[in-house]
Amino acid sequence: MQSFASEVGPSGPVCVVGGETRWGLGGESSAGTRTVRAPSGVESFDPSEMTVAVWAGTRLEELAAALMESRQEVALTGPSGSTVGGSLAVGWNSTRSLRVGAARDALLQAECVGAGGMVFKAGGPTVKNVSGYELCRLLVGSLGTLGLIGRVILRTRPLPERSLWLSGNLSPVEVSRFCYRPSSILWDGSSTHVCLEGYGTDVDAEATVLRDHGMLEIAGPPDLPPNRDRWTGVLPEGAILDVPLGVVHLGASVNPPDVDPGVRAIGERMKSNFDPDGRLNPGRDPYLVPA
Amino acid sequence: MAHDVPAGTGDLYLDLVEAIGEDRVTAGGGARHLYSRDSSIIEGGHSGPVCFPDSTSQVSACVRVALAHGRDFVPRGAGTGLSGGAVPCNDPVVIATTRMNRILEVDQERRIAWVEPGVVNLDLTRHLVGTGLHFAPDPSSQQACTIGGNLANNSGGPHCLAYGVTSAHVAAIEVVLPDASVVTLGAEVGDGVGYDLRGAFVGGEGTLGIATRIAVRLTPDPPVVRTLLLDFGSIVDAAETVTGIIAAGIVPAALEMMDQKVIVAVEQFVNAGYPLEAAAVLIVELDGLPGGVEREVEIVETVAAQNSVGEVRVAADDAERDLIWKGRKNAFGAIAHIKPGYYLHDTVVPRTRLAEVVAKVNEAVERHDLIVMNVFHAGDGNLHPLLVFDPREPGTMERVHAAGEEIVRISLEAGGVLSGEHGIGLEKRGFMPLLYSPDDLAAQGSLRAAFDPLGHANPFKVLPTGASCGDVMGLAEVPEGVWV
Ligand SMILES: Cc1cc2nc3c(=O)[nH]c(=O)nc-3n(C[C@H](O)[C@H](O)[C@H](O)COP(=O)(O)OP(=O)(O)OC[C@H]3O[C@@H](n4cnc5c(N)ncnc54)[C@H](O)[C@@H]3O)c2cc1C
Chain Z
275 MQSFASEVGP SGPVCVVGGE TRWGLGGESS AGTRTVRAPS GVESFDPSEM TVAVWAGTRL
335 EELAAALMES RQEVALTGPS GSTVGGSLAV GWNSTRSLRV GAARDALLQA ECVGAGGMVF
395 KAGGPTVKNV SGYELCRLLV GSLGTLGLIG RVILRTRPLP ERSLWLSGNL SPVEVSRFCY
455 RPSSILWDGS STHVCLEGYG TDVDAEATVL RDHGMLEIAG PPDLPPNRDR WTGVLPEGAI
515 LDVPLGVVHL GASVNPPDVD PGVRAIGERM KSNFDPDGRL NPGRDPYLVP A
Chain W
3 MAHDVPAGTG DLYLDLVEAI GEDRVTAGGG ARHLYSRDSS IIEGGHSGPV CFPDSTSQVS
63 ACVRVALAHG RDFVPRGAGT GLSGGAVPCN DPVVIATTRM NRILEVDQER RIAWVEPGVV
123 NLDLTRHLVG TGLHFAPDPS SQQACTIGGN LANNSGGPHC LAYGVTSAHV AAIEVVLPDA
183 SVVTLGAEVG DGVGYDLRGA FVGGEGTLGI ATRIAVRLTP DPPVVRTLLL DFGSIVDAAE
243 TVTGIIAAGI VPAALEMMDQ KVIVAVEQFV NAGYPLEAAA VLIVELDGLP GGVEREVEIV
303 ETVAAQNSVG EVRVAADDAE RDLIWKGRKN AFGAIAHIKP GYYLHDTVVP RTRLAEVVAK
363 VNEAVERHDL IVMNVFHAGD GNLHPLLVFD PREPGTMERV HAAGEEIVRI SLEAGGVLSG
423 EHGIGLEKRG FMPLLYSPDD LAAQGSLRAA FDPLGHANPF KVLPTGASCG DVMGLAEVPE
483 GVWV
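Chains Z and W, in that order, are what the protein sequence lines are.
End of the first sequence sits at 565 in this note's numbering; the numbers just go up one at a time, nothing left out.
End of the second sequence sits at 486 in this note's numbering; the numbers just go up one at a time, nothing left out.
Since the hints were derived computationally from the structure, they do not count as laboratory data.
Remember, predicted model here, so these are calculated numbers, not experimental data.
A few of these clues could be false.
[Claimed, not checked] Listed next, the stretches of chain W that the computed footprint assigns to chain Z, with coverage defined by at least 3 CB atoms under 8 Å from CB atoms of chain Z:
#: 1; segment: 99-107
#: 2; segment: 146-160
#: 3; segment: 250-256
#: 4; segment: 290-296
#: 5; segment: 348-361
#: 6; segment: 430-442
#: 7; segment: 448-461
[Claimed, not checked] If the Cβ cut is set under 8 Å, some of the chain Z residues that face chain W in the computed set are:
#: 8; residue: M275
#: 9; residue: S322
#: 10; residue: N367
#: 11; residue: L372
#: 12; residue: G375
#: 13; residue: P564
[Stated by the list, open to error] Pulled from the structure, derived: some chain W residues nowhere near chain Z, Cβ distances all over 12 Å:
#: 14; residue: V122
#: 15; residue: R128
#: 16; residue: V177
#: 17; residue: R200
#: 18; residue: D319
#: 19; residue: F334
#: 20; residue: N364
#: 21; residue: E423
Heads up, the beta-carbon is just placed ideally off N, CA and C, and yes, glycines get one too.
Let the hints inform the model, and build the full structure from the sequences given.
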């Protein structure tokens, strides 16, 4: 961490680069900003603790491969090439969130470089912890504007024995009625795509019920359009709703919603308390991300 | 009632009465005494007037009046907290949510319920019976504690192992901020816009504002539940079984341990049929779809057999399941009969180190000539050493505090943390520098100050400051600048 901290240094605008898969999100990086990269590599994986310590610059694929050896996974997602740090900074939840949980609940501990160039730690290494304020949750989705994440400890989950996607004309509500806890429910306005995961016999039994109602097996989730919005009750043409998350995946980019000035004011104080000179990831604003 | 008002607070009292009505404010000595403490061992709190608002605007009015008088305020739920979070320091206005106990809306389709903060945890559970849904966090105090208190302490419970602690079940919160304004944090839909202030607020222990309406997420009831009671000849075997279960890739719905002293005390109290000669028992609950549950029962039995399990009792029906849980959930009540005082400690260690840490903790507490019993959430490494004693015996409290400090140090040395669910409050703020560096604590201070720049919301709690909390006695204060 110390060498990452010295690279960041105590002054001057600086931004951290991950896999550059969602680089423009929340605004373009201001001109003249120095770039740094967080270290990468899986530091230690403890399958019987269900935690993994990993450097933020590690690609999600590399982490997934390491965890796969013990049939475990983490809740983080991102396009191919995304890094652990980038995925946390963006903070989007997996479409399989009903099984893997929310990204913000996966981050147990984070070591960050703060605006003053010092290292600060949020959270702790254990799977349960209420020792002080929930800094980890605040960091997830903060687009690196409060601290640059260097090293993290993440909660892992067992991989399911079987995964199966089905699609058909049942409504999402009907699917929820027939299935106990599907991992994912996506809806495109006419068809519902559902992911069943767990032990083989259970997946087969629920799949049989869905097939009896006209659903068919598909190879995997449908391709999700690149932009996101929050669900307001109307699904635009070609869009796909992640039902449990209330997130709409759509082609057109949308404007972020208006934020209550009172809420915004807390965010502004947050930013200036953590980074009074605005040197961390200048140009980025988490309030410009629509959902 | 006004004649009861302590000297110098008459104006404050009258302004509060004017703001929310005479029947909603009390400043008498009896009430102030009652609200001077929570369920922790911390004594010596001093409350100012106690308010019982019944709406968001009344909560806001209480805060506004407190601020106008330069007073601090302290939110309060049921007062079951165990770290002194609701203990008032220096005569603040206490804002109790008791009257805000309505379940406002249950949306079964979207699996969200809006509740007021004073709703008792178990009342929500009861209200949901028959809907096929439930609120997953189930602290052992669920008969009394409030959803607002659960949110403020990010509380856990036996079933939080698989389902996650309170934070995972809160979608949105209406909050009266420390400047008396009202905002809504989080949303029912979407991954969130801007900073996750909802996530930051949960676990804020009443120092970031007062939750006045809460949107909680509801979880579908599992189709099949199997509850197992396993007995062991040693705590080591029980702990190895815990490790083995997790290592096998199973996250049970609940995985609880009780040691022999607890078993004996509980059995006398509830007649659950616990094996009295066992050194430790595990309660393992597996839930979900039938195939997986049966497979997991087999795996748990195999792992337990490898660790010299005695009897494996699988609850045959709901009645037997309830009986097994009744013992666990009444453990504190049972133990309260043994001695007049108890101190329920709370730390977390890596779950692979449970056996070693429990042995060290027992040795340390017994060295301080106190009785220690263990009943805890083994599945997530969350220890609850329970110290029982008679506080009237001279010198006892000193030994209790010394033993408490050793438990903290033993847990941190094993790679653990200060608290898994009770929070820091006043109890452990002096220990914060043992876990966090000054820079770590400064970052936490930045979060707090963003919500409460003036520092009037439940001050003295969570973060160590030079300032002391009135006459509060006997709290460990670690010298400034010391940390590991
Ligand atoms: C026998 C026993 C067993 C317990 N078992 C468990 C357990 O299994 N798991 C667990 O996690 N805890 C447990 N606890 C601890 C305690 O019950 C929980 O922390 C509970 O959530 C506190 O709720 P409360 O309503 O009593 O809050 P209080 O004690 O009144 O307050 C707790 C904190 O929350 C703040 N607060 C309360 N309401 C609000 C609000 N509306 N807005 C903002 N802040 C607020 C207060 O200021 C205070 O800091 C147990 C306690 C006892 C006595």
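Quiz item: Under a C-beta cut-off of less than 8 Å, do 3 or more residues of the segment 250-256 of chain W approach chain Z closely enough to confirm the stated coverage?
Solution: Contact hint for the segment 250-256 of chain W vs chain Z: holds, 3 residues under 8 Å.
Quiz prompt | Assertion that W/R200 lies outside the chain Z interface [Cβ separation over 12 Å] | solution = violated, 8 Å
Quiz item: Taking C-beta pairs only, is W/V122 more than 12 Å away from all of chain Z?
Solution: holds, 21 Å
Quiz item: Beyond 12 Å from every Cβ of chain Z: is that where the Cβ of W/N364 lies?
Solution: holds, 20 Å
Exercise. Between the segment 430-442 of chain W and chain Z, see if three or more residues pass the 8 Å beta-carbon test, and mark the coverage as holds or violated.
Key: n = 7 at 8 Å, threshold three: holds.
Practice problem: Beyond 12 Å from every chain Z Cβ: check whether that's true for W/R128. | Solution: The claim holds: W/R128 sits with its nearest Cβ about 23 Å from chain Z, beyond 12 Å.
Exercise. State whether the coverage of the segment 448-461 of chain W by chain Z holds or is violated, taking the criterion as 3 or more residues with Cβ-Cβ distances under 8 Å.
Key: Coverage by chain Z holds for the segment 448-461 of chain W (7 residues, Cβ < 8 Å).
Exercise. Count the residues of the segment 348-361 of chain W whose CB lies closer than 8 Å to any CB of chain Z, then report whether that count reaches three.
Key: holds (count 5)
Quiz prompt | Interface exclusion of W/D319 relative to chain Z, criterion Cβ beyond 12 Å | solution = Fine: 21 Å to the nearest Cβ keeps W/D319 off the interface.
Quiz item: Do three or more residues from the segment 290-296 of chain W put their C-beta atoms closer than 8 Å to C-beta atoms of chain Z?
Solution: Per the Cβ count (5), the hint holds.
Quiz prompt | Hint validity - Z/G375 Cβ closer than 8 Å to any chain W Cβ | solution = holds, 7 Å
Quiz item: Going by Cβ atoms only, is Z/L372 closer than 8 Å to chain W?
Solution: Status violated, d = 10 Å.
Violation of the numbered hints given earlier is confined to hints 1, 8, 11, 16, 17, 21; the remaining hints are satisfied by the structure.
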